[in-house]
Amino acid sequence: MSDKWTPRIVVFQCQYCLYSEADQKWMDTQLPPHIKLIQVPCTGRISPLFVLNAIQGGTDGILISGCQPEKCHYKEGNLGARRQLDAFRRFLTYLGLEEGRIRFAWIDVSERGRIQQELAGLEKTIQAMGPITRLATRAIPVGEKR
Amino acid sequence: MNSLTLAIRQEAARLLEEKIVDVVIGFEAGTLPLKAQPAFITRKEEAEKLVFNGFCQNNLAAYLTRFPKEKRLGIICRGCESRAVRALVIEHQHDRDKLYLIGVPCTGIIDWRKIERRVGENTLQAREEGDEVIVTTRDGEHRFRRADVLHDSCARCLHPNPVGADIVLGDPLPEGDPERAWAPVLEFEALPPEERYAYFVQETGRCIRCYACREACPMCYCTECFVDHTAPRWTESMITPGGTQAWHIVRAFHQAGRCVSCGACERACPMDIKMTYLVDKLSYDMMQQYGFEVGASDEKQPPFAAFTLDDRNRFVR
Amino acid sequence: MVDAARHPKVDIRTYTEVERVDGYVGNFKVLLREKSRYVRADRCNGCGECARVCPIEVPNYFDMNLAPRKAAYVPMSQAVPLVYNIDLDACIHCYKCVEACGKLEAIDFSMKDKLVWEDVGAIIVATGFSHFDPSVMPEYGYGRYPNVITAIEMERLNNTAGPTAGNVIRPSDGTNPRRLAIINCVGSRDKHFNPWCSNFCCMYGIKNAVLLKQTYPDMDITIYYMDIRTPSKGYEEFYDRAREMGIRFIQGRPSMITEDPETRNLFVHSEDVTLGRVIEREYDMVMLNQAAVPQPDVDTTSSVLNVTQSPGGWFMEYHPKLRPIDSPNDGVFLAGACQGVKDIPASVAQGSAAASRAGRILHSDQWEIEPIVAVVWEDRCVSAQGKKCGICAKACPYGAIEYEQGKAAHVVTAKCHGCGGCVAECPHNAITQMHFTDAQILAQLHALLAERPEEKILAFRCHWCSYGGADLAGVSHFEYSSNERGLRVMCSARMDADFIYEAFRLGAGAVLYSGCHPQDCNYITGQRLGAARAERLMKAFEKMEMTPGRFRVEWISAAEGDKYARVINEMQAVLNSIPKEKLMEEIERLRPEMEKRARRLREVPQVEEALEYSRQLEIAMVGEEA
Amino acid sequence: MNHQPETFADQVRAIPGGEHLELCYSCGTCVSKCMIQQKVEPEYNPRRLLHKVMIDLDQEAFADKTTWLCSACDLCYPACPQQIHISKVIGAIKQLAVEAGLTTYLQTAVVNELTCVACGLCVEVCPYEAITLVETSVMFRGKAVTVARVDPNRCMACGLCAASCRSASIGLVDKFSNEAVVAELWDWIRSPVVEVTA
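Residue numbers (our numbering), protein chains in the order written: chain A, 1 to 146; chain B, 147 to 463; chain C, 464 to 1089; chain D, 1090 to 1287.
Hints listed in this document are in silico derivations from the structure and should not be mistaken for laboratory results.
Do not rely on the hints blindly, as some may be mistaken.
[As the list claims (entries may be wrong)] Computed spacing ranges between beta-carbons, pair by pair:
{"no.": "1", "chain 1": "D", "residue 1": "1218", "chain 2": "B", "residue 2": "212", "range": "25 to 35 Å"}
{"no.": "2", "chain 1": "A", "residue 1": "21", "chain 2": "C", "residue 2": "773", "range": "24 to 34 Å"}
{"no.": "3", "chain 1": "C", "residue 1": "725", "chain 2": "A", "residue 2": "28", "range": "14 to 24 Å"}
{"no.": "4", "chain 1": "C", "residue 1": "708", "chain 2": "A", "residue 2": "21", "range": "53 to 63 Å"}
{"no.": "5", "chain 1": "A", "residue 1": "99", "chain 2": "B", "residue 2": "293", "range": "33 to 43 Å"}
{"no.": "6", "chain 1": "C", "residue 1": "773", "chain 2": "A", "residue 2": "28", "range": "51 to 61 Å"}
{"no.": "7", "chain 1": "D", "residue 1": "1262", "chain 2": "A", "residue 2": "28", "range": "21 to 31 Å"}
{"no.": "8", "chain 1": "A", "residue 1": "99", "chain 2": "C", "residue 2": "628", "range": "28 to 38 Å"}
{"no.": "9", "chain 1": "D", "residue 1": "1268", "chain 2": "B", "residue 2": "260", "range": "37 to 47 Å"}
{"no.": "10", "chain 1": "B", "residue 1": "335", "chain 2": "D", "residue 2": "1189", "range": "53 to 63 Å"}
Even glycine gets a Cβ: it sits at the ideal position worked out from N, Cα and C.
Construct the complete structure from the given sequences, taking the supplied hints into account.
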């Protein structure tokens, strides 16, 4: 593992995520290239298959950010997501994936700067674990295009 | 000929004669020893073909979804099958009032692989006698204690008795031991992650992607499976580590809260891949986290549909 | 205050609580608890040596806890009388103060609370208001974000006698804020907390903005408001001045304040209603103009003084328009915000008015009241027979009835206002009201329904509203059915259910039950008593399957002559719509039930004689005609 | 007073949930609470919509995006100082709009009727009760089959159904379809943004 290794992170963000204006702007424009932002209407939209695709594709960490409970734009989408994705995460852990590669945060609009903290936290966890090895069985060689 | 078989034949004949059902799904003697095969009886006279013994290894509930909803079905239901039927009825796959469940308490299915591992592939005849299985091969007769050659899933079966059956033939059996049922999950979980992953890689590495497990499973009834999709292509369709792993992960995950632990998938697998440890983990989680057990109730929705605000939360921060 | 203290006829008792009030107008007996200060007021000269040596510091409540005070303290430097006080909860009993006090020997730790009875002729309640605590509104972050402060905290910061000597600083870092947001209606006009408008906050916010702008001309001040309310003399002009000074006004109620965790700056999030756009603006400091709320101990005060509360907890005035200073308890007057939120000029005006109202009592030897008071027939009262009752005492809005099991209920005549609620409520007909006795009302009722009762509409009207309404209908020449027969009582509370039953027993075609609108009752809660009774009656008649419309309940004010006429005409239309024989049949069908229900009325003393007298009269009149 | 529902405001008020319409004093709290307004549609403004209703501008209310975009998250309800259940009022307006023959312009969930097995999971997870199981005339397995159907006037396109469907037979279209999300993900995974370990 070289010192230069940069973890690749996918952020699944609910479209209505209760970010403050500044944080949303930061997410939209300032995100470093090793972090990919994928917007979905609601965390409830995140199929476990999306997560599996990201893991198998060699993504080192996944951050899912959604709205606070009872503040979900779609009433209870975030609760559905919690149940399904929690089960899926536990299942992947059971198969040997390091816990902590998948992080799920409920962020409130009053929590300014929280998303940056969560990203930094995730990055720190991943740095400690090193690049993903288990389950990353669909990794594509650098630069390959379809 | 055991008394259960007789009772089943009588009940099947009665159902067909009184036109309570159109088809009775049961087992008939297989063409090979150690294996019975599913039978679909439509006429009263054919009821004589039915058998019931420890060699009946299919999950008959799997055939429920292959009949149109108008058909009235009589199904021989062991514990696992009856719970699968319940789950399928909740999932609107058939109307309960068009089903007639002939419940049979089940003492477990004999694992022919365990026997052949000891006697080789030369079985001529096999039969059960009380707690023993007697196998005749070219080199003579072998006697096995039933408990030694039961299929793994059956050995740790929690609910051998059918639930919600219209009639139960035979005497109820004692319920299984939960500790024993969940032991494999807990043991596996206790292993270090790298060993768990290595085991998963090793098992899935043998997979030839024949999807026999999918066909054998009563709960795998989608018209088009996610692995067959082309838009999007969820996973690699060839036999690659990525593809086979994704298949096993997602197949198991789709069973979360639905698997009845019958073990039909493992029995069907031509490569003898262990896979019940996957789904058992999910079943264990569903029970621990959300108090959900498949087939326990007639109404309860699968756990992913029943999320609440008060879900236990260790995940979301 | 100092002037008042020096006045020979003014006696100021501070640090004293009213424990109990007995008696009635002109003859109150008040029990006072003079709380011990552990400093003897007669010896303390207010030098402050005790506070100087006291080692204990606790937050100063008067400075909104922004500064400390000692355990030996005066609440504020302008306190009258200037007597120090020892906070025993904080005191560690080092006795340094005793030493410092020296020869004065004013400090006395052995002091005890003193209970004193005083005779007074009148009481003025001026307990003021309290402040809404905005920390229950998490969206504004008060308590969480240091730079969100309340208006009162700003008041202390901006006061030269305050903890910062008038230097307005941010609590987070001590710098002067350059951008300040003032948010109006925090906890007021909000149904989650206090539905009322706190009256003075608009002006108060503008005042603070103007003061700050004068001190810090560069300060960027924005006021968030829903509506600016400037209804008094000179107020709108003041508002104009504020705008001319460059104070910004944004119409829009902020939904949320967020904080930058590093700079501790605040972002106020609101819609600018005039723009129709959501705006987020950054400020250094936010001031919340919180609602005025009743004092936390208002319930105790209210029960001690026997003064009822209006919704929200303010003290209830006798009448919202006509007698805003008197309380329902004669001789007790309300002044200032304890009666309802009001600003300083209004409070001063009300205070002066209360003083002169009280003076009227103190200057007269006798106190005249209306003679329509309630009287108890002691021999009929079941309480005297040892039974549990007390219904009359509960019904009385003035607390004029003293009830004690085993003794007959006793009406304190000086307190009784003559609504008649107790009379109608008493299940044993043991109370009557002078000039409105059961016998008198019944005699009227019989006379009104003497001829062709089935054609008549008997209208019970309360004296203050519906009777006035009918009067207005008359003088305005609004036409209404001539079959209407009015019967006046003082309040709908007096409209005994028995009268209604009796009316129907006699065969009345229709009965109107009318009184003041709920909020306008002249007897505080009298209308509510009547309305509850009317509802019970309505249900009973529904059960009896009486034709709907024959019994009608309407609240008609003295200004609603048109309504009175319309209601009567509508009732007439109902009567017209019922075929005569059907009506007669219904009357006959219901008569036994009505008779049964009205029977108790016959047991009332004098009723039979009164009825006999009216019968005689009738015979005589009919005879004359014949 | 018992007058008949005549004006548009009366009609809205007559629908349960719409009663407190006229209590609104236009403080704008709801608007600044609303995430649709901030994240998706700047034109979105419940306060204005309520006002349009109050002064009987029915056609303008129907044409207002607010009518169709409110997803009843009810962030505004606890914030409203007048305790108006705004999403219910908007629901009442939407109901009248639907009765007037209008439909949502949202791209709502669609069902692939060929692969749907009508397990009913989507019916259960849908927060808006927009999905029902119906018999359809699509001939399959010899007979008419039961499939899930989405009521576009109830669906708010959250995608909860799509995430829970095992056979991926129900889903959103365009930007949030399975194809689009997976393609977006893999385009990035394949891109040489950073060194990939293998």
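Hints and how they fare:
For residue 1218 of chain D and residue 212 of chain B, the Cβ-Cβ distance of about 31 Å falls inside the hinted range of 25 to 35 Å, so the restraint holds. Evaluation of the 24 to 34 Å hint for residue 21 of chain A and residue 773 of chain C yields a failure: the beta carbon distance comes to about 43 Å. Judged by the Cβ atoms, the range 14 to 24 Å given for residue 725 of chain C and residue 28 of chain A holds: they are separated by roughly 21 Å. The given range of 53 to 63 Å is broken by residue 708 of chain C and residue 21 of chain A, whose C-beta atoms sit roughly 30 Å from each other.
Range check, residue 99 of chain A to residue 293 of chain B: Cβ separation about 38 Å, and the 33 to 43 Å hint holds. Taken as a hint, the range 51 to 61 Å holds for the pair residue 773 of chain C and residue 28 of chain A, whose Cβ atoms sit roughly 53 Å apart. In this structure the hint that residue 1262 of chain D and residue 28 of chain A lie 21 to 31 Å apart at CB holds, the actual value being about 23 Å. The given range of 28 to 38 Å is broken by residue 99 of chain A and residue 628 of chain C, whose C-beta atoms sit roughly 57 Å from each other.
Between residue 1268 of chain D and residue 260 of chain B the CB atoms are about 46 Å apart, so this pair conforms to the stated range of 37 to 47 Å. In this structure the hint that residue 335 of chain B and residue 1189 of chain D lie 53 to 63 Å apart at CB holds, the actual value being about 59 Å.
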